[in-house]
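Chemist: Residue-level listing of the chains:
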Amino acid sequence: MVPIYLDHNATTPVDPAVVDVMLPYMGSTFGNASSVHQFGRTAKVALERSREQIAAFINCEPSEIMFTSGGTESDNLAVMGIAYANRERRNHLIVGAAEHHAVFESAEFLHQKERFDLDLLPVDREGFSSPKGLAELVTDRTALVSVMQANNETGAIQDIQALAQVAHERGALMHSDAVQAVGKINVDVKDLGVDLLSLTGHKIYGPKGIGALFVKQGVRIRPLFYGGSHEKKRRPGTENVAGAVGLAKALEIASQRMKQDEGSLRKLTNYFIDAVLGRIPDTVLNSPRANRLPQTANISFKGVQGEPIILSLDMENIAVASGSACTSGATEPSHVLTAMGIPPEIALGAIRFSLGRTTTKEQLDHVLAVLGPIIERLRAMSPSRPGHA
Amino acid sequence: MSGGVDSSVAAFLLKEQGYAVIGAHMKLWDYVEVGGDIYKDGRCCTIDSITDCRLVCDSIGAPFYVLNLSAEFRETVIENFVSEYRAGRTPNPCVRCNSEVKWDAFLRKADELGCEYIATGHYAFVEEGDGDIYRIRKGVDQTRDQSYVLWGVSQEALKRTLMPLGGLLKSQVREIAARHGLRTASKPESREICFVTDNDYRRFLSEYEANRGRSFEPGEIVHENGSLVGRHNGTAFYTIGQRKGLGVTSSRPLYVQRIDTQANRIIVGEEDTLYRSELLAEQINWSGRTLSMDSFDADVKIRYLHQPARARLIPLTERSARIIFIEKQRAVTPGQSVVFYDNDIVLGGGLIANAL
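Sequences listed follow chains E and A, in order. The first sequence: position 82 = 81 (numbering that gives the first Met the number 0), numbered continuously. The second sequence: position 202 = 201 (numbering that gives the first Met the number 0), numbered continuously.
The shape of chain E in the complex, shown without the other chains (with noise of 0.2 angstroms):
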């Protein structure tokens, strides 16, 4: 039986459009970027289509994108970065309390070990931030506002327009995370006003090891690294170029697809929730019904724990995640489910089903046929010691 993945929002399967496109640049395209000869010149050049095409696709301009080794890297950058660049004068940050760990840990390390003032923006039971609660955390003294334009846990799609404007009112700078985000929904940032947006190429049926920072002309970041003077001093190493061109092909197929596919994913997902919230007795949304990423849909199962409920699908050759794959492994509750209030005994039993390009109707019956009785199962299993002498 092939094995049905709903892991979407972990990774994606790379596109056969975009290998097609990658592999030249690892066999006879093969040059250092940074070449000046031949070699180097026809490697540079794919670099910088591909820069312009990314800058295309969120609307900016190709000198305001830097290339990465993908979403962790570019949210790293983009905290410390800014962090770094302006601690004179301000030293303040504010980061969603939702955020991806990557960006809460840059805050947290800026905090701990360097002095930086950080607060977090809260959540709502459903996950959004509000533009009033922004306000009353912004000040003077903050460099940056960091919020995710899409949960990876649960999908929920925050008012990045409306947020921006609220942290420029105080001269701070606004970042997003938009990993999950791009080429899934439309982003585009003059109208989300951003001042940075991190974007990953493995998430949107591109390569891994490839990611890209939008830095709003004019903005000035202190870089990670040291060592050459690519992407104007900021990144040095050599060039990814396959991988540039890679997540070109990835976000261009995207574009060509994200209507059609944004309505499709959306009726499969509404129908899997209905689905699963209809016939298993309590079961509880945790994703927002509006405002929610077409394909993501986070549900707790109570009196379970995720860990089982995973592990039994997997035996089925089911694929689904439960608190974010970067955190597997820990008993505690997803952070994110939290942060939105819900109590520890539901967060503890959520599953996170992501679905994509490949998910059919079909698959989601199979899954929910499964389920069910894995469900059940689990609930029976008596609370009392089977093994205790």
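Everything labelled a hint here was simulated from the structure, so no lab data went into it. Take every hint as true, because none was put in to throw you off.
Computed list of chain A residues with no C-beta within reach of chain E, every gap over 12 angstroms:
| no. | residue |
| --- | --- |
| 1 | L13 |
| 2 | F236 |
| 3 | Y254 |
| 4 | R302 |
Here are the simulated lysine to any residue pairs, SDA-like style, with alpha carbons at most 25 angstroms apart:
| no. | chain 1 | residue 1 | chain 2 | residue 2 |
| --- | --- | --- | --- | --- |
| 5 | A | K108 | E | E315 |
| 6 | E | K301 | A | K108 |
| 7 | A | K108 | E | A318 |
For glycine and all other residues, C-beta sits at the position ideal for the given N, C-alpha and C.
Please arrange chain A on chain E, whose structure you already have, making use of the hints.
Modeler: Showing chain A alone in chain E's frame:
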């Protein structure tokens, strides 16, 4: 699977025998919690040992999961380890882990996955005896027998346990691993307590308690004839029969004979004072024997590294017994496990409450 060669080969053999094997590593503790050096190689629960398990499972074609049981382990094993030492007893945490974690929490994880059995790489047998009793039998490798630490496992748990290494010598196990290209074939053994990463239990106790804002009280070391011979920095750091580290000068060697936590005193004496002929055992699990209040004779081990000695067992209650040895035994230590054998079958075991 610990990441060692024994559990690797156990998994391999069961797969060969046709079982649908799932490899599982129990994550029981982390370095932040227990101290020690994270860069030391190979310990159970380190990244390296998890990787070893993962690659062995890949070699044999079994899925592999890391199961976090650190909360259960901390509550039932580590906390018990500390409180036992504080109470003047010498615990055996591996025994406790077997009863409370492996054959309880871990078994429940197996249930969650819909598994019928759990399996371990212990050098021992589980066999069905008459009267539907499941019994533990010593493994054939005399130098590796681990039946001693399994006395606390219940009947319901033994019924669902497979131990494929009982009939093998350690050398044979390594040979099987090498022959089939299992990564752990020549991995050195670790027999120490898994969460005391540098084998220094005193360091562990002081640091662990210091993190909780708790300290140890110094007190007197007294000769059994009454004279004061030295000072100790906490009765928890001593065990019966201990000779080193007393900081006491004397013409004849002196050993810890008794630990009096009430008076916060260590009582020392010469070697002959360490010998006792009787002990009281409590929390007994009659794992291989139908419960009966009749007295009987058995071979009894009072320590992991101890030659079983002939003794008479007089049950007092369902879970306690007086044990009278034919010959006096050295350093009977409260807190240690006492296990009763009929040849190589484990009849049961319990904890030594005190020497009588």
